[in-house]
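*Asks:* Add 11 to a position in the sequence shown, counting from 1, and you land on the number used in this note's numbering.
These are computed hints drawn from the structure, not numbers from a lab. Glycine included, each C-beta is placed from N, C-alpha and C at the ideal position. Worth double-checking, as some hints may not be accurate.
DEER-style ranges, computed between Cβ atoms [stated by the list, open to error]:
(1) 111 with 72: 14 to 22 Å
(2) 155 with 121: 24 to 32 Å
(3) 40 with 166: 31 to 39 Å
(4) 35 with 57: 17 to 25 Å
The calculated SDA-like cross-link candidates involving lysine to any residue, where the alpha carbons are at most 20 Å apart (straight line), are [stated by the list, open to error]:
(5) 131 with 150
(6) 131 with 116
(7) 163 with 135
(8) 116 with 20
(9) 116 with 16
(10) 131 with 160
(11) 163 with 147
(12) 116 with 57
(13) 116 with 105
(14) 70 with 33
(15) 116 with 58
(16) 163 with 141
(17) 131 with 98
(18) 131 with 118
(19) 70 with 17
(20) 163 with 102
(21) 131 with 146
(22) 163 with 138
(23) 163 with 118
(24) 116 with 98
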Amino acid sequence: MALVEFVEVHPDSADAQQCLARYFAEIADRFEAGFDPAQSSAPTLDDFAPPSGTFLVVKLEGALVGCGGFKREGSGAAYIKRMWVAPEARGHGLGRRLLHELEDKARALGYCLVRLETEKTLTEAQQLYSSSGYIEVPRFNGELYAHHWFEKAIR
12 MALVEFVEVH PDSADAQQCL ARYFAEIADR FEAGFDPAQS SAPTLDDFAP
62 PSGTFLVVKL EGALVGCGGF KREGSGAAYI KRMWVAPEAR GHGLGRRLLH
112 ELEDKARALG YCLVRLETEK TLTEAQQLYS SSGYIEVPRF NGELYAHHWF
162 EKAIR
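Please put together the full structure from these sequences, using the hints given.
*Replies:* Here it is in structure tokens:
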């Protein structure tokens, strides 16, 4: 069995930045209108840091293959952003494991609700969220690149 690690890092660390650069490049290719991180309503990097947030990188046999984080949303929910698994590491359940790791960390910090959104072309993300107990809800933010909004009670 391959060694998988979920490592908490500061979002401005070299590992986090490497994952985010790959994530941004992939979604720029996949989104019909491209992707410009400056146009996204994403939190600042410090928002993902403790004590109210976290950022994880995923390592498979020591190689960086994923990332994701959450921050405190204005409503008091944990808001998951920048969740990504590298194409070469997909199909092994790492996305689901990463999502559960983020939920567990949010629960440990006292959050009762997790929210996230996704873009319409990311159908695999929509399926992951639905099959993980997330319910599609009305728009709760102004994220330019979002078409589907989800939430899940974690208490």
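*Asks:* Would you mind marking each hint as holding or not holding in the structure?
*Replies:* Hint-by-hint comparison with the structure:
Taking the beta carbon of each, residue 111 and residue 72 are about 20 Å apart, inside 14 to 22 Å as hinted. As the Cβ distance of residue 155 to residue 121 is approximately 30 Å, the hint placing it in 24 to 32 Å holds. At roughly 38 Å, the beta-carbon separation of residue 40 and residue 166 lies within the given 31 to 39 Å, and the hint holds. Range check, residue 35 to residue 57: Cβ separation about 18 Å, and the 17 to 25 Å hint holds.
A hinted pair counts as satisfied when its Cα atoms are at most 20 Å apart, and residue 131 with residue 150 qualifies at roughly 13 Å. Annotation: proposed proximity of residue 131 to residue 116 is violated, straight-line Cα distance about 27 Å (limit 20 Å). At roughly 18 Å between alpha-carbon atoms, residue 163 and residue 135 fall within 20 Å of each other, so this suggested pair holds. At roughly 13 Å between alpha-carbon atoms, residue 116 and residue 20 fall within 20 Å of each other, so this suggested pair holds.
Proposed proximity of residue 116 and residue 16 is supported: the alpha carbons are some 15 Å apart, at most 20 Å. Taking the CA atoms of residue 131 and residue 160, the gap is near 10 Å; set against the 20 Å cutoff, the hint holds. For the hint pairing residue 163 with residue 147, the CA-to-CA distance comes to about 9 Å; that is within 20 Å, so the pair holds. Taken as a hint, the residue 116 and residue 57 pair is honoured in the structure, with Cα atoms around 17 Å apart against an allowance of 20 Å.
The hinted pair formed by residue 116 and residue 105 meets the criterion: a straight-line CA distance of about 16 Å does not exceed 20 Å. For the suggested pair residue 70 and residue 33, the alpha carbons sit about 14 Å apart, so the restraint of at most 20 Å is met. For a cut-off of 20 Å, the pair hint linking residue 116 to residue 58 stands: about 15 Å separates their Cα positions. This hinted pair checks out: residue 163 and residue 141 have alpha carbons roughly 10 Å apart, not beyond 20 Å.
The suggested pairing of residue 131 with residue 98 holds, with an alpha-carbon distance near 18 Å, which does not exceed 20 Å. A C-alpha spacing of about 28 Å is found between residue 131 and residue 118, which places the hinted pair above 20 Å, so the restraint is violated. With a C-alpha separation of about 7 Å, the suggested pair residue 70 and residue 17 falls inside the 20 Å cut-off, and the hint holds. Straight-line distance between C-alpha atoms of residue 163 and residue 102 comes to about 23 Å, which puts the hinted pair past the 20 Å bound.
Restraint check for residue 131 and residue 146: the C-alpha separation of about 16 Å stays at or below 20 Å, so the hint holds. For the hint linking residue 163 to residue 138, the alpha-carbon distance of about 14 Å falls within 20 Å, and the restraint holds. Taking the CA atoms of residue 163 and residue 118, the gap is about 12 Å. The hint holds against a cut of 20 Å. Of the pairs offered as hints, the one joining residue 116 and residue 98 is violated, with about 25 Å between alpha carbons and a cut-off of 20 Å exceeded.
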